[in-house]
Amino acid sequence: MSELKKIILDYVKKEYLEEGDDTEITNTTPLISGGIVDSFSMVSLKLFLEAKYNISIPDAKATPKAFDSVDNIANLLQKEFNIQ
Amino acid sequence: MANLGSYEDQLKSFSWKKAEEELGYRAGDDINIGEYCTDRICRMGKKDKIALYWEGFGSEPKQYTFDEMRILTNSIGHYLRKLGLRDGDRICIFLDRVPELYFGFLGILKMGGIAQPLFSAFGPESLITRLEDARTRAIITQKKHLPKVRNIVDVLPALEFIIVVDDDGSKPLRAKEHAFHMDKEERVDHFDIFRSKAETPSVLHYTSGTTGKPKGAQHVHYSIISQYITTKYVLDLRDDDIYWCTADPGWVTGTSYGIIGPWVNGVTQCVLDIGFNAENWYKFIEKYRVTVWYSAPTAVRALMKEGDEIVKRFDLSSLRHLCCVGEPLNAEAVIWSERVFGKPFHDTFWQTETGSIVISNYPKMKIKPGSMGKPFPGITATVLDTQKYEPVKTGTVGLIALKPGWPSMFRTYWNNEATYRSKFKNGWYICGDRASIDEDGYYWFVGRDDDVINTGGHLVGPFEIESALLEHPAVAESAVVGKPDPVNMEVVKAFIALKPGYQVSKELNLEIINFIRKKLSPLAMPQEIEFVPSLPKTRSGKIMRRVLRAQEWGEEVGDLSTLEND
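Those protein sequence lines, which keep their order, are chains A and B.
Residue 5 is where the first sequence starts when you use the numbering used here, and the numbers rise one by one after that.
Residue 77 is where the second sequence starts when you use the numbering used here, and the numbers rise one by one after that.
Derived from the structure by calculation, the hints contain no laboratory data.
Glycine included, each C-beta is placed from N, C-alpha and C at the ideal position.
Treat the hints with care, since some could be wrong.
[Unchecked claim] With a Cα cut of at most 25 Å, we get these calculated DMTMM-like pairs of lysine to aspartate or glutamate:
1) A/50 x B/583
2) B/247 x A/26
3) A/83 x A/54
4) B/260 x A/25
5) B/618 x B/527
6) A/10 x B/583
7) A/17 x B/349
[As the list claims (entries may be wrong)] Residues on chain B that point at chain A, a partial pick, calculated with CB under 8 Å:
8) 172
9) 220
10) 224
11) 351
12) 352
13) 582
14) 589
15) 590
16) 598
All chains should be modelled from the sequences, with the hints used to inform the complete structure.
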């Protein structure tokens, strides 16, 4: 699980923060409600996870709440796809 | 009793002159939006009234009275002048929804500058296009967005000042960069407000079209007449209201009705600067006892998705009047809001160019769910045919058109008078939207008359995205259309033919999507890419977007006689 969280966290930092933006993000930082990943960009985060783990996340499961932190996303992937 | 009274009575008696008189304006007087929203309200005896309740993510809530707002907007105007900025200079606001955005907007207007708000999620390419066209002299931004500005400053020779509102001194500022802390800056009680007249330029909002680069719709200080009276009559704001407009001032709703409208009416408003979250939104309404709520159909549909149960956890009994703007409000959303909030959302229609609401559903007027409503008193609207530009019969679909002359109508497109003129046909301003009028005079939206994509209430131009896609090394050609979406009405879909040597893969799909998100904005990012061997073209080589769009919407493709290789 910690490896999964690290992959997601690294991706979020690399893709959604501007170079030079030193906003601190942890596994519990609100991503959607915190304005780091907006609702449109959430689609790209979902596509990343689908490509990385060769899965298809149903739209009904990909809610702003489920994507609102690295912890939430990791829980979703573990529960739905048994990814650790 | 609603402010408007009877819609039918207003149709007979309304005149813009009446709105001028209510504001104490006479032809030829000075009229400055910044002054009307702050100093004038204080002179009316409301200096200790709260103008703004603000909450942001991870920050302490703040509140400002009208008098504090008057002084802070003075301070900003004074600071900008001290830097060397002059009246007529374009000054961009590139900020999240922090108080400096709202007061910066009014401060710019007070010193005579032209405020150019830009959505803070814009990427470098979107910024360059808009700042280059406007020859913007200064940009007000924050640490978080400074890297984006630094990346483009060298290609913008006209950009002389970069003002950072939250610099903490942890990293040195560079050439052209200036730290400004609104709350610590010299408090300027008396400021020599620029003596703007009715036709003095005020705001420059960029909007997308089917072809070419985004165009800057230029507004004037006199627009406040429309914004004042439509806020009063459509949003029905009253002295004791607590108003919440969820729009970002990077777009016109956020300035016309998120700054000017409520404050020229002397009404308290609140701002929540966080991403969308149903629970936080409801909590915010409950905490501040919001009475009037102006939002977007996309947001309403997103709330609908979260269900009815969550609504019951909050006391939302303060809500008195609900309105929406951005794209058509579907009948289901109207019925849902009536069920869960006990009030229907009232759809309003207008656009960047109109500067204020032009067609709407009004308090106390019967709502036909799914309809746009009726023209605002003082606005002459109709639906025209596409050939001779003459009014069509009841029930026939045509182009929404407005008789020019209302106060907040845009005055030109910056640097683009020819395109501005092309918007007028047969004495009418053509909005670019298709609709019909029923036997009771209600307007019913059908769709855009061009290829512009309305996603979540924001217009996105396909040309800008297609041009950016071609800069990706794998893309040979592309076409971008709107695809139906249950929440955002439309989302961007790209059809892409790859260059030889590139293979379709999930990784490439994601790479191209992220390429556009970073270069332009999340709104412009394709939510879906369909890789195709080639694109449908006319014999002269022009890509036929309409074929692809019809495919997405399940519509008839129409005449294909000019299609190449059909």
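Against the structure, the hints:
no.	hint	in the structure
1	A/50 x B/583	12 Å, holds
2	B/247 x A/26	11 Å, holds
3	A/83 x A/54	15 Å, holds
4	B/260 x A/25	24 Å, holds
5	B/618 x B/527	14 Å, holds
6	A/10 x B/583	20 Å, holds
7	A/17 x B/349	21 Å, holds
8	172	7 Å, holds
9	220	6 Å, holds
10	224	6 Å, holds
11	351	4 Å, holds
12	352	6 Å, holds
13	582	4 Å, holds
14	589	5 Å, holds
15	590	6 Å, holds
16	598	4 Å, holds
Checked against the numbered hints given earlier, this structure breaks none of them.
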